[in-house]
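K.L.:
So you can see what is in the structure, the chains are spelled out below.
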Amino acid sequence: MDGIVELQRQLIDYTASLFHEGFLDEQFNQLQQLEDENNPGFVVEVVTLFFEDADRLLNELTKALGQPSVDFKSLDAHVHQLKGSSSSIGAHRIHRVCISFRNSCEEQNVEGCLKNLQQVKHEYSLVKDRLETLFRMEQQILNAGGSVRR
Amino acid sequence: MAESKDEIHFESSECSPASTSPMGGKHRYLFHRLCSSWDKSISLKGRRIFHRDVEKEEFQYASSHCLTSYYSVFVVRLAIMIMLAILIGLLTILTWHFTKIYTTKSLNSLAYGLRYELLQRPVLRMWNILNSTSEITTAQVKLSQYVIRRYSNPANQAEQVELYEAMRAITWSLFASRKALNSITINYKNGFVQAFHRDLKDNNTFYIYSDLANYSMGASNSNEINSFSTHQAWDDKALHGNYSAIWYREPLDPVSGEKIGKAMKIAPEDLINIAGFSQVPDGVASWHVAVSKFTDSPLLSAALPVWDSSNKTIMAVVGVTTALYSVGQLMRELVELHSGHMYLTSQEGYLLATSTSAPLLANSTKPKLKMAVDCEDDVIRHGAEWLQRTYGNNFPPSHEVHVENVKLGHQRYYIDSFFLKLKRLPLVGVIIIPRKYIMGQVDERAFKTLVILISASLCILVIGCVCILILTNGVSKEMNLRAELINQLEARRKAEASSNYKSQFLANMSHELRTPMAAVIGLLDILISDDCLTNEQYSTVTQIRKCSTALLRLLNNILDLSKVESGKLVLEDAEFDLGRELEGLVDMFSVQCINHNVETVLDLSDDMPKVVRGDSARVVQIFANLINNSIKFTPSGHIILRGWCGNRNSSVGSPNFHLDQKKSRSLQKCREKPNANHSKKTSLKDNKVILWFEVDDTGCGIDPSKWDSVFESFEQADPSTTRLHGGTGLGLCIVRNLVNKMGGDIKVVKKEGPGTLMRLCLILSAPMDVIEQQCAVDLTENGLVVLLAQQGNMGRLITSKWLQKNGVCTMEASDWNGLTQVLRELFHARSSVHNTDFDAHYPAKEELKSKLLNIRDMRNPVFVIVVDMGLLDLSTDIWKEQLNFLHRYFGRAKFVWVLNHDTSNTIKMEIRRKGHVLMVNKPLYKAKMIHILDAVIKERNLELQRKNMTAPRMKEGDLHEFLEIDSTHFEAASSDDSDISEVGESSSPSSSYGTEDNQPKSHSSKAVDGKKSLEGLKILLAEDTPVLQRVATIMLEKMGAAVVAVGDGQQAVEALGCMFPAEDRRRESLQKGITPYDLILMDCQMPKMDGYEATKAIRKSEVGTGLHIPIVALTAHAMSCDEAKCLEVGMDAYLTKPIDFKMMVSTILSLTKRTS
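Chains as they are written, first to last, in my numbering: chain A, 286 to 435; chain B, 11 to 1166.
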């Protein structure tokens, strides 16, 4: 039982650190609040959706920027989508990078776009990593018979 | 002015038609002058508009304008004065002219008549004299002829004598009959002379005759003489010289002719002229003027011969002389009457008669006639000289001369001469009359008139000028004032415009400033959340963030203010719980106040409507600003927010009745305009309520002279406060603007004691159906006794008063000792009801005693003890003992703990552990009190029930409930979820929630709040991002809505269309009132068809159906232009990503409620 409590404490600390480091924001809290008996695993579902979507978009972006002539309009649309979905799950850092990415798109700055893309990818991998860890911990707790209290 | 000028013009043209054209020209000139100056000013004004921003030029303009206006006024004045002068001068001259000319003319004609008459009379007299002389002469001649014929041949001396006697008798009778005659002489052929002479001077009459003795041989001589005469006429020499005749003179009685004296011998020729034969050489009558030694006047003598019967020889010569003395006499008389001078001359110029007494004869040995020019009288001489000089001998044919204005000597005279043509003796009459005599008065009058006229006209001129000056002064003053007024109006308009610009500028700028400020704050947040900051950096960044927040607040204030000022602020009109809003506000501020040692008290009267319609946010803002202000200036004491209801519909007793009526009317007016249709709907069930509020503090107060100005923007009662307390002075200005906007009024009111008392009234509408009983619980029946043990005097007093008003017995204690004393008295005395020592212990507290007695009389009292945490000594551990002390009374009384916001958890836990469940946060106010008492009563009832149900011992466990009542609902202020229900649920353990540390608890509170408020709604979600789609779907479903999610705009349109593909079916469904969806959430940026396009398509398809599906935009753009775009294409509301749960729910609710 103590183990569960310890785990729970760890989870809370971890979540707090995520918030503190700016990976996540209030929106993620909201997301968590939406999860209840009717929608078990809602957060995981949404985050997984986000991962899929983000993977796709990142691919698209990489492809678009790899082209000799960059179609900034579609690029911008993609970034916008990424921005929207990241903000929806509360992936704060990605959201922020997306904003600067869009600015680069508006300026038609290929170099800046590439740099931003790298950054987005980096942030994305970080967030993905953290969130997966988070979910794992939750899973552990659930498996151990505890409840994830938020 | 133009009118008067016209008048003048008219008049002048009337009086002198000849001068019309030059005058008209002058007018035209003046008009030109006026017009030109006017034009100048207009053109200047026009120029001014173009250069309005160049102040210097404006200044120049003002001065030049002034100059021109002065100049034109001066010119106009001058012109009017000149015209007046001309007019008056003309009038004067004309008047003078007419009066003078006519009188002169008439007088002249009269004078001429007079002169003529005057001269005519002496001439007539002369004529008469001549006539009579000639008549006498003729008569004498005829008689002499008769007598001489009788005695034609005297034979002897006796006969001769007889003849002479007869002749003498005849002659005497004639002489006597004519008094005017000087003499009658008869010179006989033989040289005998008979004559009568009258000396006019001494009135003696003499008879003169020659010695008869010498003529004894007369008969013989007569032949001789006869023959002699044939050869040679008698000559005077013979008569005088050769015959040494002796003449006698004897005086006679002038009347009878009797001899009265002795005849005296005299020398011939001495006395009189005896007409001789020489004078009648051809036998006809002759006239001549003679002079005599003895009279100083010339004599007129006529001579006529006496013929014999055969008419061949002259028998004798009869001579008659008449003195012209009488003519002179007449002249003198006339002249005496009329003044002037007259004289008669012969044609040669010898003076015959004058009106003066100057001698007519040149005095020498032999008297001789004088010429007129030699006359001794100056005037006559001068006149004669003038005549001679002027005319010489060339008199006009008729010899008549009429001359006026001849200057003789020093005077002016009229000279008139007449010519009297007598046979052998032509006469010239001259009359010299001084002009003064005739025209003197006239001249004098004329002169006087002229002087009077001139002086009068001068007076009129001066007065007129002064009048004009005064008049034009007024006009010019008015003109100046008007010009000034125009300037002022212009300036005012400009000022207003600039103020408007200012407001707009501020609004725009603060909006523009706010955006970067938000970014700054956001970035700072990111920075703060970053790990890699050192402590110093962290604190610096935190400081920056605080400053930024302060700046943002200031910007918001400015924006509010400029919004209000530019009239863009539209007040919401929604129902809200005023009491709860204010309670929340007081809760919030009490936290601030505790640090200041200031007590915040809310005192709302019971008659306040619970729910009112209005803009809750703005109302809260008003009070937030006021309380904030009060806190700022109140270092210690209390701040009371009082509220009560003014007249509802009609309360005649209110002193503010008229004001209120007016206010409400004005409110009605201003309400009707902006949202006429809306207010129409609500006014049916709403009635206006005037709510009065007072914010009363014990701060430093405001100087009465600043009571009005503190509400101006950037105005502070004391400029030095900025340094002390900070702030910009915008707060009160916003408050006043908002209050005015709500149809109310705010002012500072005089208050007793230190501090400020702001009183304001708001006019809000209270929905009819909600106005019912406010106090849900009936407190009187339950025999409650409340012991208020609180630090704050004011709050305690107010609560106590209110409780007493509601029939609850209260007792008060302000500190720990007081509390223990009261407790002891209350319970120990009660346990020994007949303790007589009591009075001895507390003789002073009469009031307390009577209360205690009252309480003792109560049948089944319930004690409620309200204990302020402040009463406990928290600095040391004494509080635990105090708590234990109080716990002793636990069974007998209900304890209510008033917690401070910083009351530590250990204390709370301790209290809770002891089983005290009633806890409230400070401050304690009416609503909380009601809840407490309600809970107490319910608990008691429950207790009683349980007792009845014979489960007496179970109480202990159940009472370990935790009740923490706190009304911090103002962030989710939908007035739908009722407050009472919560209290009703208060016995369930899950209903606990707090504010201060809501981070971990908020989840559960959300769960409570989030009832299925969207139950039954069908919502179409158009969102391409799967993540967002999922999130939104879950959110909506959680609220009980049915969600259909589509991927893009195209699908959304289709989803709407496919439900009712055929038009007729669609119509059918419409008639049935079925709508496919209650609401659409539309993302703006989507592939295929974006949100804007989709909305347009949907709205297009709705045309003609009367259907309107609410569409809410979802956009990541957070700028206002996006909002505008959204609304433009037909969307109803607007949500920004990431989706805020509460915002979304409230938006959806407001939209669906409106349509349903």
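Derived from the structure by calculation, the hints contain no laboratory data.
Please note that a few of the clues may not be correct.
As the list claims (entries may be wrong) - Distance condition first, Cα-Cα at most 27 Å in a straight line; then the derived BS3-like pairs of lysine-lysine:
1) A:406 with A:348
2) B:620 with B:924
3) A:348 with A:413
4) A:358 with B:620
5) B:811 with A:348
6) B:1110 with B:1135
7) A:358 with B:811
8) B:957 with A:358
9) B:948 with B:811
As the list claims (entries may be wrong) - Looking from chain B toward chain A, a few residues come up when the C-beta cut is under 7 Å (computed):
10) 947
11) 1036
12) 1037
13) 1054
14) 1095
15) 1099
Said to hold, decoys possible - The calculated label-pair distances, taken between Cβ atoms and stated as ranges, are:
16) B:1097 with A:354: 38 to 46 Å
17) B:627 with A:354: 46 to 54 Å
18) A:353 with B:580: 20 to 28 Å
19) A:353 with B:634: 41 to 49 Å
20) B:627 with A:351: 47 to 55 Å
In this text, all values refer to a predicted model and were calculated from it rather than measured experimentally.
Idealized CB from N, CA, C, for every residue including glycine.
K.L.:
All hints are to be evaluated individually against the structure, with a verdict given for each.
P.N.:
Comparing the hints with the structure gives:
no., hint, verdict
1, A:406 with A:348, "holds, 13 Å"
2, B:620 with B:924, "violated, 36 Å"
3, A:348 with A:413, "holds, 21 Å"
4, A:358 with B:620, "violated, 55 Å"
5, B:811 with A:348, "violated, 77 Å"
6, B:1110 with B:1135, "holds, 17 Å"
7, A:358 with B:811, "violated, 71 Å"
8, B:957 with A:358, "violated, 78 Å"
9, B:948 with B:811, "holds, 23 Å"
10, 947, "violated, 36 Å"
11, 1036, "holds, 5 Å"
12, 1037, "holds, 4 Å"
13, 1054, "violated, 17 Å"
14, 1095, "holds, 6 Å"
15, 1099, "violated, 13 Å"
16, B:1097 with A:354: 38 to 46 Å, "violated, 21 Å"
17, B:627 with A:354: 46 to 54 Å, "holds, 52 Å"
18, A:353 with B:580: 20 to 28 Å, "violated, 54 Å"
19, A:353 with B:634: 41 to 49 Å, "violated, 60 Å"
20, B:627 with A:351: 47 to 55 Å, "holds, 52 Å"
The structure fails to meet hints 2, 4, 5, 7, 8, 10, 13, 15, 16, 18 and 19 from the earlier list, while all remaining hints are met.
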